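There are 2 protein chains.
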Amino acid sequence: MHIDLLRSGSKPLPQQISDTLAQRITSGLLQPGFRLPSVRGLAATLKVSQVTVSKAYADLEKKGHLICSQGKGCFVAEHEQSGPGNGADWRDGYDDYLPRAQLWRNFGYSEVKYPFHLAAIHEELLPLGPISTTMAALVTGQPELMASYGNFQGDPELREIMRRHLQLRGIHLATSDLMITSGTQQGIDLVARTFVGPGDTVYLEAPSYTGAIDVFAGRGAEMIFVPMDHEGMRVDVLTRQCDARPPKLIYTNPTFQNPSGVTMSMARRQRLLELARSYRCLIVEDDPFSDLYFRTPPPSPIKSMDEDGHVVYMKSFSKVIAPGCRIACVAAEGNILSRLIAAKSASDLGSPLLTQGAVLPFIARRYEDYARTLRAALRRRMEKAARLLKQYAPPGVTWVLPEGGLNLWLQLPSASGIERLRELAEEEGISFLPGDVCYAGDLPSRFIRLCYSQMTEADMERGLKLFLILLDKHLRSLNQ
Amino acid sequence: MHIDLLRSGSKPLPQQISDTLAQRITSGLLQPGFRLPSVRGLAATLKVSQVTVSKAYADLEKKGHLICSQGKGCFVAEHEQSGPGNGADWRDGYDDYLPRAQLWRNFGYSEVKYPFHLAAIHEELLPLGPISTTMAALVTGQPELMASYGNFQGDPELREIMRRHLQLRGIHLATSDLMITSGTQQGIDLVARTFVGPGDTVYLEAPSYTGAIDVFAGRGAEMIFVPMDHEGMRVDVLTRQCDARPPKLIYTNPTFQNPSGVTMSMARRQRLLELARSYRCLIVEDDPFSDLYFRTPPPSPIKSMDEDGHVVYMKSFSKVIAPGCRIACVAAEGNILSRLIAAKSASDLGSPLLTQGAVLPFIARRYEDYARTLRAALRRRMEKAARLLKQYAPPGVTWVLPEGGLNLWLQLPSASGIERLRELAEEEGISFLPGDVCYAGDLPSRFIRLCYSQMTEADMERGLKLFLILLDKHLRSLNQ
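Chain order of the listed sequences is V and C. Every letter in the first sequence is one number past the one before it in UniProt numbering, and letter 402, counting from 1, is 402. Every letter in the second sequence is one number past the one before it in UniProt numbering, and letter 52, counting from 1, is 52.
Hints in this document: simulated from the structure, not taken from any laboratory.
Put simply, identical chains are the same to the list, so a pair is met inside one copy or across any two.
Think about it this way: if two alpha-carbon atoms lie no more than 20 Å apart in a straight line, the pair counts; the simulated EDC-like pairs of lysine to aspartate or glutamate are: (1) K113 to E144; (2) K465 to E427; (3) K113 to E457; (4) K47 to D4; (5) K113 to D459; (6) K113 to E461.
Fair warning: this is a prediction, and the values are worked out from it, not measured in the lab.
Sequences are here, hints too, so could you generate the full structure?
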């Protein structure tokens, strides 16, 4: 069993071991009945004392993750049935490097009637007509696109369109500074695998995007979460944290942040960039939502002020026009980009040319008009959701209405009972994202994320009302 | 600058440092003029003595990779111009975890007239007609496929088709044991990121697939190359090597091996599987070519004999029917597969449903007939190439005609001059794959790989003749 330990880290070793194992257990990577290595064995593997491992196991047992019995060893606790598994499968002892897999755990299902858990846009709002027309014409007219491996960096024509797109948003780069990835998830993953390794310090907002946390955890990074206020990441706090642990990378989602909805002020953006300059580190600016504002356009991207290549800017087109095409743009300069392209080549030899071609004319000619319509539709939904919240949200539940994006971030009176709430909701065909997956997982969170754009408007209204009534009932039952 | 050092490894530390840096320099990740860290600085970062780093730098200077000058430091040697770069860019000092990028270096270009370097099938042989018809019908009839994120594991219907496909080949699994990836490259990458970490021992055939070597190198694995004979990997040698260093994973391409064309005998397959059982390790069986035999079907896949889940089997459909669709199948059981699915989710949230749907009916109904025709066409090409080789290959150049697959593996009289040959060939619009990228890169190789299926038949004949005449001239010039 492999666990990245940071011997110079601030967390005690037993806690590092117990946190990592707890994450693997709660995400389901370690199944109930799985037999953990012996104290002696794990101590030898990790080169720590047996006392350290014993402490970690005791902590996990106290938290209910493990059942240990003298002579038999420690097993992952069953949730329902009891009794340890046989543990005889060789695969159980085959080590891996996956400390956490909350994406896999939380987004693997989508068969619920009211899927509030996924931050996505329902097909009735997406421009599938024009994109499918382009795609049909392409496969008929240029079937050879299906025969060729893509350019590692992405179709040059699409990159040129994206260059113009970014230029309109204040980001002035060359076509050669852009790379196409299979969604932003791949972009984050490529940055992590290229530039982040065991013990490197990565700063993120608290809360942050689950998929980014999974990826950095997978690289063995030390993730430090920076608190936020209404102006976004607390850059003053970050600055002090960086004194103690210089950053290798700062991951931010500054505009209509996922999940909190908060937007970073211009002043903070500038200070964050200065900080990256002084520490000679990278900022990953993940920007899926900046075109989805409800009233006024958000501040310009951090990348628009970046003069010496400190920002890797990521813009998802998947999210906004066709998630199934898996197209995002990554912008970076010099040998930061060339190294990311090298990583992309090893990762999948390049994204399919066909899906790149399918979105190209739409982004070139119709995107801006479409974004205008989409903003209006999303705002209408958000306002409908807001009315329902006002009417049906139980006392003690709070939220801030977002100025853009797709999500509501609800604070419940307490973190306890959220797992039970999730089961109850699922029985009614409703899903939501528990807030704790937006943190490193040390503490239970009393937040939950609901996306108001992933269903038809009517379903969203029905589902949200149903959920709020259920929530009310659930909270009352807790208080009894 | 990050270098994975294996303190318990068999290679001395200075050599580990110098090999890694040499790979980064030859692949172009470190550009001419780049200033290396000071001896003192690198020694501190890597926690080794300054003598160790000095030795490594001296070795690199001797090999012509570096130019060191008292007081100024060491710079990556220019190939043409001279004089060190200014090195003032902060990015040059920003560490990464990319030790090697031969895929990126060797497959980034494809604008040559006679691309012999890429192992692929020319579009005139591929079934693009039926696949594009399906695709066009899908985008028109089910545009919502472009709206949805894929299932992490892949479209269940396509997995069912693949299950039947594998069953016909002696591999009996459930649909739930299969995962769809964006090409086999991604499959290899997912296995590596999940199960291979710094210092883990990975065995590969010598030579092996460039893309696999890149990926394992990127994970900091200790790669050990096992010699081959006409029956494939020398499992007897491997067994002795495993005694000294137990395997974490064995990567093999047993059928019409890329690049050598050799097929592993049934006896060796069985022994390899027994070895994996006794060491409780995984075999990655990469099988792009087994349907592409010229005379008799090759031995059954290792996976067909695998009773307790030691083999992760990978079958590329990209390669054989539509490279641009990027569809491969990964077969594994139990928590080996579930961990790979978790890695897939963090890597790209799942492959596009549309491209999966596009190949589905073809694989279900027409694949076997198509494979028959394709085999005949490839055999004809190979035989044409064989005639040209016989007629025009210069003395001292040898080869073994493959029994299947897409490649010729030519042995030249000497390794020297291959880089020059490559330049000369490129001037004539001809590309080939230098054999040294199929090894870890310690030694120059005197092999080159030529793919005979990546052009029209006429172009292949013209290009190969042209190349062999050029080769003759080049070898004569070396002997003068």
